[in-house]
Structures are given as C-alpha cells and as structure tokens.
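Trainee: Chain by chain, the residues run as shown.
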Amino acid sequence: MKVNTILSIFTPKDVKFLPLLKELTEVMVQAASLLHDLFAFTEKEQRSEICKLIKAEEVKGDRISGRILKELNNTFITPFDREDINALADKIEEAIDVINRSAQKVLLYFPGDFPPATVRMTEIIQKGTLEVQGAVDGLSHLQKSDAAFRKHYKEIKTLEENADGVYEKGIMDLFREEKDSVELIKLKDILQELEKTANKINSTGKVLKTIFVKYA
Amino acid sequence: MKVNTILSIFTPKDVKFLPLLKELTEVMVQAASLLHDLFAFTEKEQRSEICKLIKAEEVKGDRISGRILKELNNTFITPFDREDINALADKIEEAIDVINRSAQKVLLYFPGDFPPATVRMTEIIQKGTLEVQGAVDGLSHLQKSDAAFRKHYKEIKTLEENADGVYEKGIMDLFREEKDSVELIKLKDILQELEKTANKINSTGKVLKTIFVKYA
Amino acid sequence: MKVNTILSIFTPKDVKFLPLLKELTEVMVQAASLLHDLFAFTEKEQRSEICKLIKAEEVKGDRISGRILKELNNTFITPFDREDINALADKIEEAIDVINRSAQKVLLYFPGDFPPATVRMTEIIQKGTLEVQGAVDGLSHLQKSDAAFRKHYKEIKTLEENADGVYEKGIMDLFREEKDSVELIKLKDILQELEKTANKINSTGKVLKTIFVKYA
Numbered sequence: 000m001k002v003n004t005i006l007s008i009f010t011p012k013d014v015k016f017l018p019l020l021k022e023l024t025e026v027m028v029q030a031a032s033l034l035h036d037l038f039a040f041t042e043k044e045q046r047s048e049i050c051k052l053i054k055a056e057e058v059k060g061d062r063i064s065g066r067i068l069k070e071l072n073n074t075f076i077t078p079f080d081r082e083d084i085n086a087l088a089d090k091i092e093e094a095i096d097v098i099n100r101s102a103q104k105v106l107l108y109f110p111g112d113f114p115p116a117t118v119r120m121t122e123i124i125q126k127g128t129l130e131v132q133g134a135v136d137g138l139s140h141l142q143k144s145d146a147a148f149r150k151h152y153k154e155i156k157t158l159e160e161n162a163d164g165v166y167e168k169g170i171m172d173l174f175r176e177e178k179d180s181v182e183l184i185k186l187k188d189i190l191q192e193l194e195k196t197a198n199k200i201n202s203t204g205k206v207l208k209t210i211f212v213k214y215a
Numbered sequence: 000m001k002v003n004t005i006l007s008i009f010t011p012k013d014v015k016f017l018p019l020l021k022e023l024t025e026v027m028v029q030a031a032s033l034l035h036d037l038f039a040f041t042e043k044e045q046r047s048e049i050c051k052l053i054k055a056e057e058v059k060g061d062r063i064s065g066r067i068l069k070e071l072n073n074t075f076i077t078p079f080d081r082e083d084i085n086a087l088a089d090k091i092e093e094a095i096d097v098i099n100r101s102a103q104k105v106l107l108y109f110p111g112d113f114p115p116a117t118v119r120m121t122e123i124i125q126k127g128t129l130e131v132q133g134a135v136d137g138l139s140h141l142q143k144s145d146a147a148f149r150k151h152y153k154e155i156k157t158l159e160e161n162a163d164g165v166y167e168k169g170i171m172d173l174f175r176e177e178k179d180s181v182e183l184i185k186l187k188d189i190l191q192e193l194e195k196t197a198n199k200i201n202s203t204g205k206v207l208k209t210i211f212v213k214y215a
Numbered sequence: 000m001k002v003n004t005i006l007s008i009f010t011p012k013d014v015k016f017l018p019l020l021k022e023l024t025e026v027m028v029q030a031a032s033l034l035h036d037l038f039a040f041t042e043k044e045q046r047s048e049i050c051k052l053i054k055a056e057e058v059k060g061d062r063i064s065g066r067i068l069k070e071l072n073n074t075f076i077t078p079f080d081r082e083d084i085n086a087l088a089d090k091i092e093e094a095i096d097v098i099n100r101s102a103q104k105v106l107l108y109f110p111g112d113f114p115p116a117t118v119r120m121t122e123i124i125q126k127g128t129l130e131v132q133g134a135v136d137g138l139s140h141l142q143k144s145d146a147a148f149r150k151h152y153k154e155i156k157t158l159e160e161n162a163d164g165v166y167e168k169g170i171m172d173l174f175r176e177e178k179d180s181v182e183l184i185k186l187k188d189i190l191q192e193l194e195k196t197a198n199k200i201n202s203t204g205k206v207l208k209t210i211f212v213k214y215a
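Protein chains in written order, with numbering that gives the first Met the number 0: chain A, 0 to 215; chain B, 0 to 215; chain C, 0 to 215.
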C-alpha cells in the first residue's frame, strides 16, 4: 500500500523544499550558537547585542517558514509528503522561537550570575542543532542502510536525556542554594525555558525519525 | 493545480460555516471587552461578577465550536477547506480560553493594584479581537484586491508587537519595583497569561492571512 | 456522504489498533495509580522509588505509541480513521507525559507537606483514567444506543470540573496560608502540573466523544 519513496518526497519537483529546509535549519544553528555566547557574557551591553542578533534570526526563520508554507500550497504533492515537510519546518521554527524566548528572558530578568547548569544546557542545545543539521543535509540521499542518518537522530535523543539530567540537577541545586526568592524565580524560569528548547530540538529529531521510517 | 477559490470555501453549501464563525468571533470580542473591564475594577464583588460573565462566554464559545466541528463532519467539502475552517475556529476558541484563564487568575490570586502594563495589555487585546472580527466579516466577499482584509491582519500583527513591548517593559518594571515576592509571583503570572492571550489573537491573524493567500 | 462506521474503524484489518490502544490506556491507568500513591507517601526513599516506576510507565507508553504510529503508516485505512486513532493515542500519551512530569516535580522540589488539594487532585486524576479505560474498552462494540460509552465521557467532563474547583481552592488557600515564598513556588508549580494532568485526561475524553459522534 505504501508507495512513498524518497524520490516522491524530494525529487524532482519537490526538490525545491530541501534548500528551504536547509536554510531554516541554518538559522536554528546560528540562533543556538548565539544563545551559547549569551550565557558566556555577563555585561549588559554585550547581552543586549546578542539578544538582538537572536531576534533577527527568529525573524529570518519566520520568513523562510512562510515561504515553505506558500510553496507547499502551490505545489502538487501527496498529502503524506506535505505533512512531513510541514511537520519538520514547524518543529524547527518552534525550536528557533523557544531559543529566542530563552534569550529574551535573560534580557528581561537580567539575573546576576548564571548557574553552571544554564551554561551546560546551552552547550547541549547547540550540539543538538548541529545533529539536526546533519540529518537535514542527509535527506537528499536517504537510504535504508543510512547508518549516518540514524546516528543523528539517536544522538539527538541522547542529548535530550543529558539535558534532562542537567536541568533536574540545576533545579535541585537552585532550590537548595538560592536564598533570594526573586533570583530563584528568575533562574528557575530561565532553566525551564532552556529545558523546553532542548525538548523542541528532540521533537525535531522525532520528526526526522518518522521520515526515515517512512521513506528510507 | 490549485483549484480552490473563495466560491469553494464559502458558497453555496458551505455558506453555513460563516454565520457560525461570526458567532464564535463575537463571543471572543465580548470576552475581551469584559477582560478589559475586569482590569478597570478593583472591588472583589465586581471582579467576581465579571469573571462569571467571561466564563459564560467561554462556555458559549465551546458550544459553538462543537457545532462547527459537527457540521464539518456532516458536510462534504474538500480537505483543504475543512482544514482552514477548522484552524480558524480552533484559534478563536483558544483565544477565548486564554482570555478566560487570564480572568480566572485575577480572581484566584486577588492581587492588590494592577500595574499599568496589565491594563494596557487588555486594551491591545480588545483592539485585536475587533480586527479579527473585521477580517471574519470580510470572508464572505474575499477578493485579491481586498486591501481592507489585508489591513486587518497587518494591524493584528502590529498590535501583537505592541503587546510584546508592553509585556517586556511590564516584567522589567515588576522585577525592579515589586519587593514583595508573593505579589511578584501573582503579577508576573497574570502578565504572562495576558501575553499568551495577545499571542493567540495573533495566531488567529496568521490563519486569516493563510486563508487570504490561498483563496483570494 | 459519511460512510464511516464502526466497522470501518476497528474491523477487520484495523482491529489490531484496539489492543495497542488498550495497552497504552493501561499504562496511563498504572501511572495515575502510582501518582496517587506518591502523594500519600512522605519519605524521600519511597517517593523516589515511585517516581522511577512512573518514569518506567512513561517509557513503556512511548514505545507503544511508536508501535501505533508505525502500524498506522503501514496499514491502509481511510484518512478519517487514521486521524482518530492518532488523536486518541496522542492524547493518552500526553496524559502519561504530564503524569510523569507531575511526579518528577515532586522529586525535584521535594516540598514539605502536601496541601490536601494535591491529594484530592490525584484521586480525581486516577478516577478519570479509569473512565477513559472504560470508554476505550467499549470501542470494540460501539453503537448509537451505547449509553455506557456516553456515560464515560460525561463522567470525564464532570471529573475535570471537580478538578478545576479543587485546583482553584487549592491555589487560593496556598496564597493565603503559605508564608514561605519558596515553598509557595514549589507547591503552586505542582498544583498547576496536576491541573494540566486533569486537563489532558479531559482532552482524551473529548476525542472519545468525537469518535462516538462520528461512528456510533
């Protein structure tokens, strides 16, 4: 019954979606890299500058998503393919959004020192986006025997599990050590937003896995 | 490939969806207007009365959504049209829900004075719902040259950007000025719920834009 | 126009989805029962043990959902049926997720005494999962005159309304009585997570109602 193959999803007339998906992924990678920088700086000026750059990436991502949606509406492809491309673009866009929201919270709350857990989280998030990029790059030549592709989404899952552990320890440390309740509120909120970010990247990984299972 | 036109979405047999969508939109407008009132009153009795009225609108909205869903299931229309009507009804219902949740938080937390940012947010939310109403009214005569329709969803986006700015300043002021951490928790929560409300109205605007791009 | 009948959704070739949905539901019932236990114990050791068991249920649920998704992709059934089975599995999985998240928060925050509202909430949640199970069991012999099926999803709605009331009173009591703001943050967070759990179970009830309206 299943007639979808990788040919039907990305070649020949649908091949135009791949460059757009790659562009969108690159925006996510950039945003995650800037987020990592943000937690390395403590000066207000620098932080504010980086947040603007992240916001600019988010706007760029929004525009690319809009183009993908428009192309999907104007291209005749099977509902299955449409659904997968749509789901992938959606999840990547959501990941960019939550990276931006994490950054804006840093700017809004202007906390004192960042707990080590936050810095560790942004490292994991950055690695996750690079794995997503590896997988998206692999979409153009997806094959059943594609161990590299599978490795990407497995690594994304492992990173998410690491992020969970870091987040949990971070929250426990915070409640044990932070005596200023206003500071506690700020840092808990930021940690939660970073945890959501790691989660969204994992959701992207799940979509990539679904595509692999269906087409490879 | 694209054969959908406005004729196929709202006439003749699908014309019944428009009155239902208008009814649902009117419920959202009413709820937003009541939310604005809520933040103007400080007496417990009055607040509680207004919250009951908002809850009643939410129940009404739920019922109308249910009817839309039922009609969609009983009417033969193309999956595309179904999807759009469904998405629009969904987003409006979600906006009503979050208006209700904002109101309930005021009632639950019973904060002291409202910061100016909250009042300003409810003004923007109310304006947003009126723009959505203008656009939904325009669905029955959608045309490519429809500058009025486009103006509505552009204005919705502008209002969302204003809401973002007001929210951000509100949060920063709160962390700077509110020394009572319990009061801080309450007001931060209420501001966040209002920000989500503005967001949902913007999501409705995005669906309206998608419909315009597809059918006009 | 509507040609779907219960026959088309669960027999003969689609009959394999029912055992999987039942398995997934059983996982949710187990997780909810453990959550109820969790709030009855106060010792760190015991709590930690129960949380591990809940996490194990969540992992099991994830695996079953994966199998449902895979079967759906490999089985030729109408898009309508696919959509409903998918929606039901999704909502049940989301309910399991949020039960797990509620449990993890107890472990992370390690609050002192639980307010009575939390214990009451877990009772309602447990009852709700049993009603869902009753309804899912009924899917194999769904008929228009099925008063028992309807009773399940009506009871789910009633339980959700009870949960709302308990949650609201719980939050109000918390803000009135809890003077330690860090403890307030913890307990408010846990209560909100429990409220989300009750909400998700109600979402499952809504999907069951939709299926009933469409097929019975």
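There may be inaccurate statements among the hints.
Since the list can't tell identical chains apart, any single copy or any two copies may satisfy a pair.
Stated by the list, open to error - Each computed SDA-like pair below joins lysine to any residue, with the alpha-carbon atoms no more than 25 Å apart: (1) Lys54 <-> Glu42; (2) Lys208 <-> Glu82; (3) Lys153 <-> Val181; (4) Lys21 <-> Lys168.
The set of hints was computed from the structure by calculation and includes no laboratory data.
No experiment lies behind these values; they were computed from the predicted model shown.
Trainee: Compare the structure with each hint and give your call.
Mentor: Now for the hints, and whether the structure bears them out:
In the homo-oligomer, the alpha carbons of Lys54 and Glu42 lie at most 25 Å apart inside one protomer (18 Å), although the nearest pairing across protomers, at 40 Å, exceeds that limit. For the homomeric pair Lys208 and Glu82, the shortest alpha-carbon distances inside one copy (14 Å) and between copies (20 Å) are both at most 25 Å. Proximity of Lys153 and Val181 under a CA criterion of 25 Å is satisfied in neither setting, with 38 Å inside one chain copy and 38 Å between copies. Taking CA atoms no more than 25 Å apart as the test, Lys21 paired with Lys168 passes in neither setting, with 34 Å inside one copy and 35 Å between copies.
Checked against the numbered hints given earlier, the structure breaks hints 3, 4 and satisfies all the rest.
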